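Trainee: These are the residues of each chain, in order.
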Amino acid sequence: MLLNAFVLALRTIRRNLLRSFLTILGIVIGVASVIAMVMLGEGTTAHVTNSITKLGSNMLIILPGQERRGPTRGGDNFKPFDFHDVEALKQEITALRAVTTSEAKSINAVFGNTNYSTTVYGVDNDYFVIKDWDMEKGRKFSASELGSGKAVCIIGKSIQKELFNNLDPLQADIRLEKFSCKVIGLLQSKGAAAFGQDQDDVILIPLKIFQRRISGNKTDISSILVSMKEGVSTQRVQQEIKLLMRERRHIKEGEEDDFNIRDMKDIIETLSSTTQMLTMLLGAVAAISLIVGGIGIMNIMLVSVTERTREIGIRLAIGALEREVLTQFLVESVVLSSIGGIIGIVLGISITAVVTSVFEIPFIFSQNIVAVAFIFFMMVGIVFGYFPARKAAKMNPIDALRYE
Amino acid sequence: MSSTTPLICLKAIKKSYGEGEAKTYALRGVDVEFFEGEFVAIMGSSGSGKSTMMNIIGCLDYPTQGEYFFEGVNVATLNRNQISLLRRNFMGFIFQGFNLLARTSALENVELPLIYRGMKAAQRRAKSLEALDRVGLSHVAHHQPSQLSGGQQQRVAIARALVTQPLIILADEPTGNLDTQNSLEVMKLLQKLNCEGITIIMVTHEPDMAQFAQKSVMFKDGCIEKIVENPHAS
Numbered sequence: 133m134l135l136n137a138f139v140l141a142l143r144t145i146r147r148n149l150l151r152s153f154l155t156i157l158g159i160v161i162g163v164a165s166v167i168a169m170v171m172l173g174e175g176t177t178a179h180v181t182n183s184i185t186k187l188g189s190n191m192l193i194i195l196p197g198q199e200r201r202g203p204t205r206g207g208d209n210f211k212p213f214d215f216h217d218v219e220a221l222k223q224e225i226t227a228l229r230a231v232t233t234s235e236a237k238s239i240n241a242v243f244g245n246t247n248y249s250t251t252v253y254g255v256d257n258d259y260f261v262i263k264d265w266d267m268e269k270g271r272k273f274s275a276s277e278l279g280s281g282k283a284v285c286i287i288g289k290s291i292q293k294e295l296f297n298n299l300d301p302l303q304a305d306i307r308l309e310k311f312s313c314k315v316i317g318l319l320q321s322k323g324a325a326a327f328g329q330d331q332d333d334v335i336l337i338p339l340k341i342f343q344r345r346i347s348g349n350k351t352d353i354s355s356i357l358v359s360m361k362e363g364v365s366t367q368r369v370q371q372e373i374k375l376l377m378r379e380r381r382h383i384k385e386g387e388e389d390d391f392n393i394r395d396m397k398d399i400i401e402t403l404s405s406t407t408q409m410l411t412m413l414l415g416a417v418a419a420i421s422l423i424v425g426g427i428g429i430m431n432i433m434l435v436s437v438t439e440r441t442r443e444i445g446i447r448l449a450i451g452a453l454e455r456e457v458l459t460q461f462l463v464e465s466v467v468l469s470s471i472g473g474i475i476g477i478v479l480g481i482s483i484t485a486v487v488t489s490v491f492e493i494p495f496i497f498s499q500n501i502v503a504v505a506f507i508f509f510m511m512v513g514i515v516f517g518y519f520p521a522r523k524a525a526k527m528n529p530i531d532a533l534r535y536e
Numbered sequence: 007m008s009s010t011t012p013l014i015c016l017k018a019i020k021k022s023y024g025e026g027e028a029k030t031y032a033l034r035g036v037d038v039e040f041f042e043g044e045f046v047a048i049m050g051s052s053g054s055g056k057s058t059m060m061n062i063i064g065c066l067d068y069p070t071q072g073e074y075f076f077e078g079v080n081v082a083t084l085n086r087n088q089i090s091l092l093r094r095n096f097m098g099f100i101f102q103g104f105n106l107l108a109r110t111s112a113l114e115n116v117e118l119p120l121i122y123r124g125m126k127a128a129q130r131r132a133k134s135l136e137a138l139d140r141v142g143l144s145h146v147a148h149h150q151p152s153q154l155s156g157g158q159q160q161r162v163a164i165a166r167a168l169v170t171q172p173l174i175i176l177a178d179e180p181t182g183n184l185d186t187q188n189s190l191e192v193m194k195l196l197q198k199l200n201c202e203g204i205t206i207i208m209v210t211h212e213p214d215m216a217q218f219a220q221k222s223v224m225f226k227d228g229c230i231e232k233i234v235e236n237p238h239a240s
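Heads up: the sequence lines are chains A and B, in that order. Just so we're aligned, residue 133 is where the first sequence starts under our numbering, counting upward by one. Just so we're aligned, residue 7 is where the second sequence starts under our numbering, counting upward by one.
Possibly wrong hints are sitting among the right ones.
As the list claims (entries may be wrong) - Selected chain A positions facing chain B (Cβ under 7 Å, derived; list incomplete):
1) 197
2) 450
3) 451
To be clear, the hints were calculated from the coordinates, so they are not data collected in a lab. Since the structure is predicted, the reported quantities are computational estimates derived from the model, not experimental observations. Note that CB positions come from ideal geometry on N, CA and C, so glycine has one too.
Work the whole structure out from these sequences, hints included.
Mentor: Have a look at this one:
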């Protein structure tokens, strides 16, 4: 009997090619879009989280001024740090792996006739440790270059592209505002950061020359970046830095700190909650796709209900049992929905694979969403294929025959 | 014939639609017996209840009151499956509107009742082609209903009804949608089937077509007005 039902179902599918095709198409689009949407969403989320983690997960930033939420009040004029603070941190706190500054300023860099606006950073060699950044070509700063503030620079890949047209920039002299500066190194490419800014669009120069020739202020440092060694307690290190800085800044007992220490982990956590929102948004989009796709399939099934009711009337009149008719329609729905579902899964995964490779997003396979989409659309296909048939098969045959 | 059990026996059959004041009777108490081998025409104007009675005989519809015995079995005691099996094994239907499956070849339409009988594919095909041959349509076996004329479609429906070699063929206005030429062909076909022993009950409002039957049952306002024997019928 099941074989009969199968034969009859396949005949119906073949006979009603357009209807079958539309049903399959509805399921294919539904399944594929849900799978692609969610898997791309998860890939993007992973990508964002990954980029955030790259900022440095065991990094602290020391800033002058009291910790506060909300906008800074004008008139607050806290004492900045200076070079000796950096040296002291390096020498006295052993749990630190690297300590550096990252004074920054937007500036016009000129080479020959080319003019390019970028950001210049005043740093020392610990900067490369903290940023986990290596040279593609050339070298880092030497001790004497750092000590004397010699006019040398290390440039990012974007600068090489914009100013040197991707030619070898080493030993060339570029002009940064008022002074000329020799290129001694080229950084490896880091690509775009989480929020799209180009991390390769940088020029690094020794802190000393930055202070002297760019910020115009010979000693001030506005922030200090420190990177902790693996496995040390963040709280203990923060406490040590706090004690040291209080001592160096002559803060009496009972007075509040006039600096604050920020943990990158807190920032990462904030950003992670943003990506979680992103995932929720994608879930909502997927749910809408499910509903829209489901309604599409439902419509196709319901449009043909008149014709099918009459067909069921004919079948009953020539002696089909109710359950034979129902089995046939159930098999038909299952076959159509499975074909659609399988094509949809293949298509959805293919789309995801193509898009992830084009946009360099990690490809994250989620069997959950594949299962959810497949089962959901199977159910929709089966329910709307089967239940109108069930209703028709329960009628008096004559009513089904005359159904309009 | 009258010595045996009637094939079909209707006792005080009533059929009503609606409730209360809106209640209308399609049949107001019909008593009739048909025997095996008969060719009966059921005549009457539109709304006289002839089609309703036909549907009740075919178990496509159920009486509101009264009893219907098929070969002595009270149909009211059968469940839906048993009634389906009754139709499957003993009855063939021909409808005014043909009621062929759309986008399905003539051959597949004729095969359909045999599929439900569980017949093997090869045998099914041979029998169906034979049935199509009997109605003179073997050359269009693979055409779909939309490619056939009305007369051809009705002959496909006849082939579908006769392919199972039923005990009885119920024809509801089989010539209603056909021209005279096709009507006559269909009637000759039915007459031939009757000669082979198949009982035929046919609803029609055309006296010309009723001439082919052995007797005519005249309906009026939901009751049988009279039964006329037809001496001309062969």
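Trainee: Can we keep the residue 450 of chain A interface hint, with Cβ of chain B closer than 7 Å?
Mentor: This interface hint holds because 5 Å falls under the 7 Å limit.
Trainee: Taking 7 Å as the limit, does the beta-carbon of residue 451 of chain A come near enough to a beta-carbon in chain B?
Mentor: Since chain B brings a Cβ to about 3 Å from residue 451 of chain A, closer than 7 Å, the hint holds.
Trainee: Is the shortest C-beta separation between residue 197 of chain A and chain B less than 7 Å?
Mentor: violated (80 Å)
Against the hints set out earlier in the document, a violation occurs for number 1 only.
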